[in-house]
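S.K.: Residue numbers (UniProt numbering), protein chains in the order written: chain A, 1 to 300; chain B, 1 to 325.
Among the hints, erroneous ones may be present.
Partner residues are not named here, just some residues of chain B that face chain A (Cβ under 8 Å, in silico) [as the list claims (entries may be wrong)]:
hint	residue
1	Gly82
2	Leu138
3	Asn166
DSS-like cross-link-like pairs, simulated, lysine-lysine; straight-line CA separation at most 30 Å [as the list claims (entries may be wrong)]:
hint	chain 1	residue 1	chain 2	residue 2
4	A	Lys140	A	Lys156
5	A	Lys128	A	Lys140
6	B	Lys87	A	Lys300
7	B	Lys87	A	Lys31
Don't read these hints as lab results, they were simulated from the structure. These numbers were taken from a predicted model, which means no experiment stands behind them. C-beta atoms are modelled at their ideal positions from N, C-alpha and C, and glycine is treated no differently.
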Amino acid sequence: MSALTAGPPEAAPPAAPPKASSTAPKSVRRKNAALGLLAWVCGLLFVLPILWMVLTSLHSESDAATNPPSLAAPLTLDGYREFFSAGNGAGPWPALANSLGASVFSTLFVLVLALPAAYALSIRPVRKWRDVLFFFLSTKMLPVVAGLLPIYLFAKNTDFLDNIWLLVILYTSMNLPIAVWMMQSFLAEVPSALIEAAQIDGARLPTVLTRVVAPVAAPGIAATALICFIFSWNEMLFARVLTGVVAQTAPVFLTGFITSQGLFLAKVCAASLVISLPVLAAGFAAQDKLVQGLSLGAVK
Amino acid sequence: MSTPTTTPAPGAHDEQRPPTSRPATAAPKGPPNRLRGWVTRAPLLPALVFMIVVTQLPFVATLVVSFFDWNALYPEARSFGGFENYKEVLSDPELRDSVVTTAVLTAVVVLVSLVLGLLLALLLDRSFRGRGVVRTLLIAPFLLVPVAAALLWKHVLFNPEYGLLNGVLSWLFGDDAPQPNWVSDMPLAAVEVSLIWQWTPFMMLILLAGLQSRPSDAIEAARIDGAGAWQIFRYLTLPHLRRYLELGALLGSIYIVQNFDAVFTITSGGLGTANLPYTIYQTFYQGHEYGLASAAGVLVVIGSLIIATLALRVVSSLFREEVRA
């Protein structure tokens, strides 16, 4: 990371003209501008590998594999074209459809299971709700890989191997603890005075849920769903061990792109970007609540 | 600031709401206490039962298999082996190495991403033009599919012949530029770098939220009293950030201990980078040693339980502290 600190310390005042602190002394303004510029440099440095991936995906295979790198090589969509026609002509569509199915259905199951659970842990808490919450979290700390063999054997003996529904169930269990924590935090934000007032006015449970709880908690629930979607979409260990030709998901498909012969950089970059697009979209859509969601509700 | 704390204690809650105002109860008028308890518990049960069946039962099965001498390639030779598998696993240098690798990998990735995340969060905690854009740019690495990120580092950046890193070296130093083979020269560091790149944004987000929740009046007061920037950071900001740092470390560890994608993609577990998930995967998926893999799995679970108990204590103290914040 020495490149970061070796950046522009003093010599860069004009780039980011100070707005807010026009009354501050000149040296302070200059320092602020320098630090702002440094932040920009860091941001660009972090995103540089992705930008390079975008550029590489738009080059021909031979231009992608030069040293020194060819920046100004002609752009082409060949990488994307090859990606979409890969895998015996069917292209990535079956794998993408499998990923989409596994992610969407597991997210739906998670919501169906986690919403009532979170309700019973926040709005009308059961006794020892804190212990229950920690039980959910503790399942997240046990290594997935230790349960992998029995799951594999079970799937093999029940013909569930290479079946997308097995992944749906496993992804549901993978995300349920996180979702319960997140939703518990989002539902706890609903002021209990509001719920009580509605109940005193004679509102029944469905009304309370749809009119009082839902409006406050909806953005949080949406963010939870997006985060669960991301984790399911990203998962690879289960998908690799438990699926084959039929139920293969996008990340597994992606690893199949690497061949020992021939050039594949542009193809791999194109494939990686296309497969990451849903995650990028979901992540940016959830950006406002991303921190609260990922920190299990501890940080707002 | 806190989450679970905003709900009143369960007991108090029950008193506050008269049972008649509960529309969900089975009997219209004040059902007996036990029934009421089950009505409150009912919404929780599906999730709880599901979790126990899907995550706890396999462990029981693992425990059973771990006592068998069972190689899938010789199914007829399956027999009860007692603690043989455990003896073999504990004396297996490969498994011991992968314990160390897991610890080193997790510690390095978590600590370095925390430090970098803190520096970035400090930079982003001040106003400058385009702050929102920079924040968005910084999040992007975290939102790449992990396998895609690992492939990007391995083939597009680290490749010794035409990777970007060596390409930049050629640009800078011409034909005599050093052209290291990054992955084989420093395999574990290569895995770590790719993970740090993905996890720094995560730490940055949590720490930035921590910085922005600092009480500004205390800092203003310290500044008026003549405290320098370093003193404010050391005595006000850092103590305030402590629980955010702990939370980031804990959550990061949960995910990185279990990392499979980066190790699998970048080194295939070779060159001393096989961590526990990879080693167990290998033992069972390629070695077909079901008994051995299960014994290793049981040992890993025991280890995780010990660490998780400590970690959960940290989390629960974190959430309790927030009552006071």
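S.K.: All the hints need checking, so say for each whether the structure fits it.
M.R.: To see whether the hints hold, each was checked on the structure:
Look at glycine 82/B: its Cβ only gets to about 19 Å from chain A, farther than 8 Å, so that hint breaks. For leucine 138/B, the interface hint holds, the least distance from its beta-carbon to any beta-carbon of chain A being 5 Å, beneath 8 Å. Against a cut-off of 8 Å between C-beta atoms, the interface hint on asparagine 166/B holds, since the closest Cβ of chain A lies about 6 Å away. At most 30 Å may separate the alpha-carbon atoms for a hinted pair to count; lysine 140/A and lysine 156/A meet this at roughly 25 Å.
In summary, the hint linking lysine 128/A to lysine 140/A is supported, as the alpha carbons are separated by about 20 Å, within the 30 Å threshold. Taken as a hint, the lysine 87/B and lysine 300/A pair is broken in the structure, with Cα atoms around 48 Å apart against an allowance of 30 Å. Our distance criterion of 30 Å between C-alpha atoms is broken by lysine 87/B and lysine 31/A, whose separation comes to about 62 Å.
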